[in-house]
Amino acid sequence: MPAGLYRALLTIAGAIAAIILAIVISSVAISAAGASPEAAFAAFFDFGETERAVVNGIVTMLNRAVPLFIAGLAVAVGFRMNLFNIGVEGQYRIAAVCAAYVGSTFAAPAWIQIPMIMVVAMAVGGFYALIPAVMKVTRGVNEVISTIMLNYIAINLAAFLVRGPFTGERAKGVLTTTTPTLPQSAWFPNLNVVFEMFGLPAPRGGGLWGFLLVAIVLGVVLWVVLERTRFGFDVKASGLNASAALASGVNPKKMVISAMVLSGAIAGLIGMPEILGDKHSFGSNFTPGLGFLGIAVALLGRNKPGGIAVAALLFGFLDRAQGPLQFANVPPSVIMIMQGTIVLLVVIANEITSRIALRREERRAAQQLGRNTPVEVAA
Amino acid sequence: MNADTVAAVQPAVELEGITKRFPGVVANHDIRITVEPGTVHAIVGENGAGKSTLMKILYGMQKPDEGTIKVNGEEVAFRTPSDAIASGIGMVHQHFMLADNFTVLENIVLGAEPKKVGMLDAAGARARITELAARHGLRVDPDRLVEDLGVGDRQRVEILKVLYRGARILILDEPTAVLVPQEVDELFDNLRELKAEGLTVIFISHKLDEVLNIADAITVIRRGTTVASVDPGQVTARQLAELMVGSELPTPETRESTVTEDVALTVSGLTMEADGFRPVPKGTSVALYVEKLREEGRRLLLDDVSFEIRKGEILGIAGVEGNGQSELIEAIMGLRPVHGDITLDGADLSAWSTLKRRESGIGYIPEDRHRQGLLLEASLWENRVLGHQTRPPARSGIWINRRASRADTERIIKDYDVRTPGVDTLALALSGGNQQKLIVGREMSGEPKFLIAAHPTRGVDVGAQAAIWDHLRHARAAGLAVLLISADLDELIGLSDTLRVIYRGRLVARLDPSDVTPERLGGYMTGAITSTEET
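Those protein sequences? They're chains A and B, same order as listed.
Just so you know, my numbering puts 176 at position 176 of the first sequence, and the rest follows in order with no gaps.
Just so you know, my numbering puts 366 at position 366 of the second sequence, and the rest follows in order with no gaps.
There could be a bad hint or two in this list.
[Unchecked claim] Covered, in the sense of this in silico footprint (three residues per stretch, anywhere, with C-beta under 8 Å from a C-beta of chain A), are these stretches of chain B: (1) 362-375; (2) 462-471.
[Stated by the list, open to error] Listed next, the in silico DSS-like pairs over lysine-lysine satisfying Cα-Cα at most 27 Å (straight line): (3) A:K254 - B:K356; (4) A:K253 - B:K356; (5) B:K56 - B:K70; (6) A:K279 - A:K136; (7) B:K195 - B:K70; (8) B:K311 - B:K282; (9) B:K56 - B:K195; (10) A:K136 - B:K356; (11) B:K195 - B:K311.
Hints in this document: simulated from the structure, not taken from any laboratory.
Just so you know, even glycine gets a beta-carbon here, dropped at the ideal spot from N, CA and C.
Construct the complete structure from the given sequences, taking the supplied hints into account.
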């Protein structure tokens, strides 16, 4: 069996084992909370009776998975070179409020308007990530600390901006403050066509976010950049062995800055599906916490775009069950317990499986060489 | 001592049929060794023969799969080093395990502190250490900080540490690897004293002259098994070496000189402060600034280092580790800022980045291949790309050319005889010698004009060593300028066209390798001989 395939199978086996174990542990937690584990797990797979309910369930799951996927990618870029960008949370929020405001100030054809808004979001996110990067390379400030601190600034700054300078007109009877609504040309078309093609009813609300396609393209492009380009090689080398990378001519300062800015620019896109595809403005009810969840998603996906996609879908699947769980009289915080245990166990499983894979590699090399070289030791 | 005399009928250590398998390899196979009490018993074998594994088994760090260990006639099964210590076995590791910011006394008692009402009984400890030191002729000052001690003193502290814990059987793993010849003599005097006191010493080495000098009995290990037990009085170094290698010996001697008139690399006035680089103040020259630093009595890691290397010349730098060799390499590679000028082929590269220096034709075989030379968890072809990611064949535009890199890795594997299942194998799966051959192949493949070879054969087996020497000689004949830094004095003397000695950051002597002995070289390295130019 080729080493790559073996390693992939081993990883999948490890992940499945971890998820089963997580289910067992969560069952204990559910029982402790006084609910029935069977009812809880039934709720996860209960997408509803009618076709429309099923479609709605799937859309909820996918719409949740898209920003989580982008968040996972943003975190993974840093993780790949041992750079812990905890600041994705702040970067995407500040990017979202700025992009939503800038987008509302002008109207242009959709093919200009939407890319413009995305460019603003990436620029703001990238710039906000540049701050800890510069602090790290010039003064050696640990990026974990600085990005955590910058998160607080970003979150409160975003809240201030949406109430102050960037605030829009509030419609009668609406309690949330938002930025001005984006012009129609900035609304990202939805993908409800897909359901209509299969003769299924269209989901309610904003429908399936068209940004899903952008996310897929982003994932593919990032994979190519990380796996096939010189930049990707430098990132990998810096992550695997920083001193070897330095000795081979990789400039660590340049790498820190470019990886951080790339990470922040991707983070800038996290809020886009919601703003362009659904709410059409940044408001005080904008989804929080995606940046932190992105850390878990990246860990779960082993910093590889493919794995991150699977992890984002899994998280989306779990998050969708919020409603059904409440109907089944199970506290929805079970979801967080499950997510937490899965991440923890998968990280452990990854460590174990990669050790097994490395050991096998060593053994295989030794065996193959053993056959080729004469051994003169008499038994 | 009386106990030992009584037990003299019993061997101090008896190993019977010890076998230890690691996944895919048999590290030890049917090892049989009998060590008589009150002797120095040497275990010799080349790197990778299985000596270290065997010692780890004897010291309880690893469990044998088969076989028995008897200590003073009693069968034992060690689970941890504490069990071994309890049986009176102590180990002095090749790499010292001392806390630099502790005194000698603190280091010796660390982990076995004598207590008096809950407090460290320093007076009791001092009395015991002084007594031990006096009895065994190991002179050390118990109140000095370990960081102020030289290598030889540190080793004595390690030995005292083991004796303090009541060891009667000492294992010394390659104790002379870090010592200069004078220090080796001192160590041997100490070992003879220990022997006279009735202690047993197991001495692991691959330096045959030393073994013949000190040992009372010799066991040879080759490819994981004991191939011979010999009496040092009845063998020559040559015979011992042949037992060890099982084939004819390589020698590092370069044949005829290939030194040309063209200067490849010029280094002038390299100076590095110990407490961090500061730019030269405006209005003064580097020379004046350095002069000022010296007047202020600042410690300099590199002090006005200047040399030239011609095309086809190997310049060897001898020196005890930590006298500025690493800093010199870092300065030339552009990893650390430094004052002074470096010129390669007429181009001043003082202000260039590491990448640009590499692109301009500097190859680098690092002193620690795991730290600076390899991505252990990446494939061999990716390791081929490392350091060459901006040059063909590894690069095409913004992309890494995977096909060309793989093909070129195949070439290195073939030309440099790297034993590997394939180019996709992870680097960590290779033995040290094969990893090093891959690095040498990689660094030669950029058609370098100048090569830094830092300890190029450290920790590799004899076969790989001979191959690496051959490659260096060929490259030299083809006009490569080489800066060779090594702790192996035979390698330095054998390969170099010119020898310089570095001592406390200064180049203190220029020697002709054709008429220098390791002993004289050692004298310069320790600062015992101070006259400068010799030839």
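Comparing the hints with the structure gives:
no.: 1; hint: 362-375; verdict: holds (count 7)
no.: 2; hint: 462-471; verdict: violated (count 0)
no.: 3; hint: A:K254 - B:K356; verdict: 15 Å, holds
no.: 4; hint: A:K253 - B:K356; verdict: 16 Å, holds
no.: 5; hint: B:K56 - B:K70; verdict: 15 Å, holds
no.: 6; hint: A:K279 - A:K136; verdict: 36 Å, violated
no.: 7; hint: B:K195 - B:K70; verdict: 20 Å, holds
no.: 8; hint: B:K311 - B:K282; verdict: 36 Å, violated
no.: 9; hint: B:K56 - B:K195; verdict: 23 Å, holds
no.: 10; hint: A:K136 - B:K356; verdict: 24 Å, holds
no.: 11; hint: B:K195 - B:K311; verdict: 52 Å, violated
Hints 2, 6, 8, 11 from the list above are not met by this structure, while the remaining hints are.
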